[in-house]
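Given two chains presented individually in distinct reference frames, assemble the corresponding complex, making use of the accompanying hints.
One letter stands for each residue in the lines below.
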Amino acid sequence: MSPWLILLGMGVVTYLTRLSLIALFGRLAVPPIIERALRFVPPAVLSAIIFPELLRPAGAFDLSLGNVRLLAGILAILVAWRTRNVLLTIGAGMVALWVLRAII
Amino acid sequence: MSESRAGEGVPLSQRSEFLAGVRAEAPILLGVAPFGMIYGVLAIGAGLTAGASQAMSAIVFAGSAQFVGAQLFLAGTPGVVIVLTTFIVNLRHALYSASVAPHLKRLDWRWKALLAYLLTDEAYAVAITHLGRPPYSPAAAQQRHWYFLGAGLALWLTWQLSTAAGIVLGAQIPAGWALDFTLALTFIALVVPALKDCPSIAAALTAGLIAVLAAGWPYKLGLVAAALSGIGMGLLLEERQAPASQPAQESVS
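Chains as they are written, first to last, in our numbering: chain P, 1 to 104; chain A, 1001 to 1253.
Simulated from the structure, these hints should not be mistaken for lab results. C-beta atoms are modelled at their ideal positions from N, C-alpha and C, and glycine is treated no differently. A portion of the hints provided could be inaccurate.
What the hints assert, rightly or not - Capping the alpha-carbon separation at 20 Å, the derived lysine to any residue pairs in SDA-like fashion look like this: (1) Lys-1196/A - Arg-84/P; (2) Lys-1112/A - Thr-1129/A; (3) Lys-1105/A - Arg-27/P.
Unchecked claim - So the derived list for chain A, only partly shown, Cβ under 8 Å to chain P, looks like this: (4) Ala-1050; (5) Ala-1052; (6) Thr-1086.
So here's chain A without its partners, still in its complex pose (with noise of 0.2 Å):
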């Protein structure tokens, strides 16, 4: 087999790191499908046209940015506060962006663009283990972007698919059932099993509570307020428990 048989010009060990990223992307797939559904038919129930339900996948392509941004729009919230919003619960990428940073060094900026738009959880988890590990072959040492595009791609595809499908059924739905209350019930699913320690237990308290008597406040800067109160509680109850001589704990679980 020739590398000019391989079809459209693409050579081997491209085509093959990029097939390989693919199907290592497949099993988290089935789990992304269902998350994507849900995102649209919420959207919907949040009272977002199909058009900006899907522009947001797109656009933003991030699933709990998208869950908590259908949230706010339904909660009226002003466009500001949406963005801060978004910003604080996306932060998170900018260490998987410092992460994928050395192994994309060499690359163009158009690769580096196109890669830092698929840089989601879901195709950091998938590309890193890979970029980390050594080599099978000296060709395919060089061609390790192709396998984080192929995670990327079918994860952004299966996000879009699933979107859309969600929007679909969305649609049909009756608004006296009331779905615009699953969106609480997401949140409560993704917190609850996360809470596994006094630091983050605290740090969900204080929000919840700070939200609750900040609700009046105007521009809804409360809900701004109580993340960030939030957050540093969990961070000064961890440095309370955490003495300097033990850096790695694991508390209570």
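Chain P with its partners taken away, still in its complex shape (with noise of 0.2 Å):
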């Protein structure tokens, strides 16, 4: 499929959400276990891909010391609890990544 098919796809779906019920309103409610499902939503896709990038990184499981995805991916997950900070999770995770690549 073309990469612009599937964006036109991205935005049709997204868009249709955000007017639905701006567009139904009084014909249509949100069903209480969508609305209860909702908080689940991030941590359930995000973990969907984030352990495989970590656990997968060329495609096969690695639990392996060689795999430095996955140790860089867990100190970055310590500094992120730690420290609630983007862009310094991002920063110790990327340096982590290119100095033990340069060890190991």
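Structure representation (structure tokens):
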């Protein structure tokens, strides 16, 4: 599929979600289960991306010390947990990745 | 000062509402601009062209979905799965839509169509506090959508310009720097501070483990299965934790 078609699809579903209840005011409500489920969307979706990135960086499961992305990622998790600072987390993770790649 | 002097035929209350919206959005813009730049850098790092990276900011106009989208493009994810994931990530906007709807019901469809496009997390947060406040004049009460428009356009412009700046910056960075890893790091920075209770931690761990186990599934459907399992696990644990007698619980944080 062309990237432009995918971008268009992403835009359409986002726009229709935003327009939905403005356009259908009074005729439709958000089901309570969706309302409760929403707070779990970011941790679920983002973790589903993070875990394979760290544990299968080259496409195969890798728990070895040679997996620099896993080590750098664990450091970033600690930094994120202690500081709650986005830029610091990204910075620490990238520096760790570069240093580990140079050593290992 | 007569209203005809306000310029461009815009009545004074409309202009002052619009500018008040821009001003209210301003502090948030300081936080949004670096994110727009990071997005621009990462989209280039993920292999998107400059045109497609900028177009995503204009067409999708939703920070977290764009970061996820760039990562999925990088992983060669099929379009249908990218669109489905975008839908899940942006589902929260239906709540914002429901929340602003009563305030916009008397506007014509062009206003509704425009304000729906501008209904981001950051514009919603600013607009809804104003829409729910008692008006400071009867004239202002009828013009509050201009405040929403001011806040929304200020954010839109900041997002487009900071994306462009990031794209220019990203094009200067050599591929050897492994810039694609900053996407995973950005997600870590967003998720970890949000893991405040058992259900959300369980949602993250469940989704993460299923994603690793189902990584080989066709069409990257493992991602969707992992996300839905995580959300389901979170709901299940929340239900167990909160007996019917205690509706709004704030558990261990």
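Sort out which numbered hints this structure fails and list those numbers smallest first.
-> Structure breaks hint 4 only.
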